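Peer 1: Given next are the chains, with one letter for each unit.
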Amino acid sequence: MRNYFNIIAAYSIMLFLIIMVGIFQSWSIALSILNYCLISAVMTMGANIQWGYAGLINFGIMGYTALGGLAVVLVSVAPVPEAWSAGGLNIIGSLILIISLVLIVRFFLKKYKNHKYKNYFITFSIIFGVILIRFVAFPGIEAIEAVNPAKTGFLGGLGMPVLFSWIIGAIFAAGLAFIVGKIALGLRADYLAIATLLIAEIVVSIIKHEDWLARGVKNVIGLKRPVPYEIDLQTSPWFINLVEKLHQGKLNLLSSVSDKKDVLNQLVIDASSVYVKLCMTGLFLTVVIILLILTQKALYSPWGRKMRAIRDNEEAAGAMGKNVVKEHLLIFILGSAIVGLAGAMMVTNDGLFTPGSYRPMRYTFVIWVMVIVGGTGNNFGAILGGFVVWFLWVEAGPIALYLINFFTTHLDETNALKFHLIESAPYFRFLMIGVGLLVIMRYRPKGLIPEKINVKKI
Amino acid sequence: MEDNLELLNAVILLLNYTVIPAITYGSQLALGAIFVTLIYGVLRFANFATGDMMSFGTMFAVLLTYYFQSVGVGLGFLPTALLTLPLAILAMILYMLFIDKFVFKYYRISKSAPVQLAMVSVGVMFVTQAIIRIIIGPFDRRFMDGEKFILKASEFKEMTGLSEGLTIKSTQAITLVVTIILVSTLFWFLNKTKTGTSMRAYSDNEDLALLSGIDPKKVVMITWIIAGFLATVGGVLYGLDKSYKPFVYFNNMLPIFAAAIVGGIGNPYGAFLGGYVIAFAEILVTYAYKKFFIYLLPEFLEPDSLVQLLSTDYKFAVSFSILVIVLLFRPSGIFEGKKI
Chain A
1 MRNYFNIIAA YSIMLFLIIM VGIFQSWSIA LSILNYCLIS AVMTMGANIQ WGYAGLINFG
61 IMGYTALGGL AVVLVSVAPV PEAWSAGGLN IIGSLILIIS LVLIVRFFLK KYKNHKYKNY
121 FITFSIIFGV ILIRFVAFPG IEAIEAVNPA KTGFLGGLGM PVLFSWIIGA IFAAGLAFIV
181 GKIALGLRAD YLAIATLLIA EIVVSIIKHE DWLARGVKNV IGLKRPVPYE IDLQTSPWFI
241 NLVEKLHQGK LNLLSSVSDK KDVLNQLVID ASSVYVKLCM TGLFLTVVII LLILTQKALY
301 SPWGRKMRAI RDNEEAAGAM GKNVVKEHLL IFILGSAIVG LAGAMMVTND GLFTPGSYRP
361 MRYTFVIWVM VIVGGTGNNF GAILGGFVVW FLWVEAGPIA LYLINFFTTH LDETNALKFH
421 LIESAPYFRF LMIGVGLLVI MRYRPKGLIP EKINVKKI
Chain B
1001 MEDNLELLNA VILLLNYTVI PAITYGSQLA LGAIFVTLIY GVLRFANFAT GDMMSFGTMF
1061 AVLLTYYFQS VGVGLGFLPT ALLTLPLAIL AMILYMLFID KFVFKYYRIS KSAPVQLAMV
1121 SVGVMFVTQA IIRIIIGPFD RRFMDGEKFI LKASEFKEMT GLSEGLTIKS TQAITLVVTI
1181 ILVSTLFWFL NKTKTGTSMR AYSDNEDLAL LSGIDPKKVV MITWIIAGFL ATVGGVLYGL
1241 DKSYKPFVYF NNMLPIFAAA IVGGIGNPYG AFLGGYVIAF AEILVTYAYK KFFIYLLPEF
1301 LEPDSLVQLL STDYKFAVSF SILVIVLLFR PSGIFEGKKI
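Chains A and B, in that order, give the protein sequences.
Note that our numbering gives residue 336 to position 336 of the first sequence, counting from 1, and the numbers run on in steps of one.
Count along the second sequence from 1, add 1000, and you get the number used in our numbering.
These aren't lab readings, by the way, just hints derived from the structure by calculation.
These figures come from a predicted structure and were not determined experimentally.
There are no misleading hints in this set.
The calculated PhoX-like cross-link candidates involving lysine-lysine, where the alpha carbons are at most 25 Å apart (straight line), are: (1) K452/A to K322/A; (2) K1245/B to K418/A; (3) K1245/B to K208/A; (4) K322/A to K297/A; (5) K1101/B to K446/A.
Given only the sequences and the hints, what does the whole structure look like? Please build it.
Peer 2: Have a look at this one:
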């Protein structure tokens, strides 16, 4: 029991903080923070599987998150028939060409391993293939982007339920991880970090600039939701009755009927947004709990022991007959798939896909800070890290503003320094996160909730 | 005669839009890449705070430039930033030594894994970025003053009678001159002086270097001092040429890393050349060759499209793809050879 005391205490403090936000700011804000904490927790679990279980450093979190988001657009948005008829054939044609190009290159690599002119063949076929693909794809892309560019200008998606896209997002991310893993996993740790960071950057720049795919930086808004819409709730009688019942005492104090109606209206509007967010929280919480159970099971299974053995001593594990390369690739794919799932969850939560907002700072480095702060190799730690860091990230601005006001009360309202500090309050979040990371790394290098492995003594 | 003129025009066009900008950008990248490579070679970690350190040094130059301008001190036709450069370098070196003493030193002495140091540098990145944004804000700032052009397109056209103009901005010339001076001094220092040799020895084999009486503290300090020079000068040159925006410096870190790895990380000569490789690749691949071919080809062969390999949106993606290809086929970089 003592083992779990730390964990329970840490989570209670976190819950208390979120409730405080609910009381002092608003329940809607508290729930959005909670939702984002849960999403961050999923991302952190993905990164933690790679770093904590296997010691693989993946700075490409941003790329997988973006791919997960892309999956939501491609799966849930209704298809645009005009665009399909305008350029669908060209796109499908060039997709087939790309696949056959890859197959041809693979064929050369496999079949003519030691051939003198192998590299020339491959270079030639790639150049020829790229030119061919351009010729096939270009007219199609132009035609698609010309279809009602203000509203669509892209192929649209499949029009399927949005929850399905979470799985697809995970599969997309897993596919990318397979390619990246094949390319980069042989590299030394810091090379791997740089390579994954740059590959993620390539992925995001493709999503940003290929408008026919998901409108690029023009964003896709109004995505489907797995939960009811506020507008619908506000007009449905059962919901209004529910709110009325909950606030019976408060409403009875008002005498005039019109006053009562106004207050009720306001209450219904507030309650609808809280209700929607609560539904989201329920979904996210389910995902987190399922993942937690799976990852805990994996951690204490023979497979988990094997991963730790590989992490702690690659050569020894290899000598024992464990296939290090294969296991690394597998865990890289699994972790990335979880990150992709989180990316899809995030876009679903926001209801919009904004490729321009994917920046390494927010989607790679902050997630890494979560992993390090929480506790590497410990799933409870990873989730806690997601909660703590996201909470700080959001609330750092208000906290900094409060502190600035507190310390500069003796200064004049128009004082230049005070004005400048208040202006730059949002940037104190970087300071807090950075200092927090440095302090944790120095004084508690294993994180808030360190990894605990019970080794049976003989 | 006509044909010769066409050919000349085509060459001038390429010079103006690809070669000169690529040399300028390449020099700026090269300075950053040597910075990355030095830290990697001597201190043995990938410094993710590179971009923000460059930004930090530049910030001082920008603020001092504004101060000097308000006092009325300047260099005439040269930008005031050159005058503030030494002071900015000094501030940068002090900051780096401070960070090293309070952050990196602990991990170096306890011989932590390189990955841990890299994570620590991420923390430093956050802190540095916060300080920069709190002091100067996230906005775009221009601090270039003095003469803008050495050679204007119209002047060139008058001089030669060609229809293509050649422009040389003064920032481009300054970048080239300053880079040549700084880099040749650095290579002279690394190769010919005793301290430089001891740095190389330390980088090659730490234990052996310690045995032969090299003072590690001194080596580390000298490395940070050189790094301060490179970071500030690289950052200021980039800021003069384009403009100073903290966020852009963070993004520039990525092609800088690419340059350092392409050149073979730990090898300053490689990093220097790697900067140019990346810059030329980015610009040559994304340049639209339409006009070039119109000059060269007979009329019936002239292209209709832009003749652009990739749109300029993919500028960064080009350098990263080169990096991936290099990592695949030659993980130790194109220009191997001795470490520093």
